[in-house]
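As you go down the protein sequences, you meet chains A and B in turn. Residues in the first sequence are numbered from 1 upward in steps of one, following the numbering used here. Residues in the second sequence are numbered from 1001 upward in steps of one, following the numbering used here.
Among the hints, erroneous ones may be present.
To be verified - Partial list, derived from the structure: chain B residues whose beta carbon lies under 8 Å from chain A:
| no. | residue |
| --- | --- |
| 1 | Val1041 |
| 2 | Ser1088 |
| 3 | Thr1098 |
As the list claims (entries may be wrong) - Partial pick of chain A residues on the chain B-facing surface, computed with a CB cut under 10 Å:
| no. | residue |
| --- | --- |
| 4 | Phe114 |
| 5 | Thr134 |
| 6 | Arg138 |
| 7 | Leu161 |
Hints are computed from structural coordinates only; laboratory data are not their basis. All C-beta atoms in this analysis are idealised placements derived from N, C-alpha and C, irrespective of residue type, glycine included.
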Amino acid sequence: MTGLDVVIGLLGLIAVGAALMVAVTRQLVHAALWLVVCLAAVAGCFLVLTAEFLAWVQVLIYVGAIVVILLFGLMLTRAPIGPVTDLSRPRRLLAGTVAVAVGAVIVTALLMAFGGATIDLSGAPQGDATTTGTVIFRAWVLPFEIISLLLLSALVGAIALSRASGDEVDS
Amino acid sequence: MHLAVPLVIASALFAIGVYAVLARRNAVLVLMGVELMLNAVNLLLVAFDVYLRDTLHTGQALTLFVITIAAAEIGLGLAIVLAVFRGSATIDLDLLRTLADHDDGPDHDGPDHDAADADEDHDTTIGRQAQRSGSPP
């Protein structure tokens, strides 16, 4: 039990608690804001695990872009301000059972395989910008290019979806 | 540092994401649940990358790709959600039953009525198309 264990444990507690609030809160906008807390705590976990570059990418892309897009989506669909009572399904007990079962299976499998393992964090950091950039542009160039194509096509697809429905409304 | 700590955190995040996807009725909240699950996978990938000291850094490269795919997914997902909202004025997933099998639905009116309904829809669609192509611009 080292100091790093305590730090990542606390960050994990924050992340799990915020994720629970995302899943159960009755206010739509609060769910998006709790998601910010959760994603930032996961970025902190990345920092503890010496993946500095990924931590900042997480902050930039997730907290900066995705949550803002989600907030835009909430506002464009006229999300009500204030508590909403029927935000979850009536059959949420079943959903909770399934979720607990999934989590139990995953955590049991992982702990049975890697329960006593320890991470050696000494030595050079594993994920600073130099390391990640070198690896991405040496070993992972082809996937990188394919991902960029996918991002471009998703962008074009989102624009096409929005435009097509806009034309329908016009005519 | 124990590997078990990030593993437990990731499992809990994934389970909560599953719950959010299954239990929420608002489509945007379901997308948030998907984001939680993707984050759990990211945490797992980073933890194992550091644990295995992979020289190719497979875990971190895949995490970057997952983040990119999450961004693409959320953009497309929200475009679809907005299109649905424009079409039916709601994003409550329990009310969007256009594609549902009506056998066990709450508004069960019998197969004959459904067939007649479908026919009627078909006719009106054709009529609308004919009207549109026939009418002057």
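Verification of the supplied hints:
1. Val1041: This hint is violated: Val1041 of chain B lies away from chain A, its Cβ roughly 11 Å from the closest one there, beyond 8 Å.
2. Ser1088: 11 Å, violated
3. Thr1098: 15 Å, violated
4. Phe114: With a minimum Cβ separation of about 5 Å from chain B (threshold 10 Å), the hint on Phe114 of chain A holds.
5. Thr134: Since the shortest Cβ distance to chain B is 9 Å, the answer is holds.
6. Arg138: Cβ of Arg138 of chain A sits 9 Å from chain B, so the hint holds.
7. Leu161: Interface hint status for Leu161 of chain A: holds (4 Å vs cutoff 10 Å).
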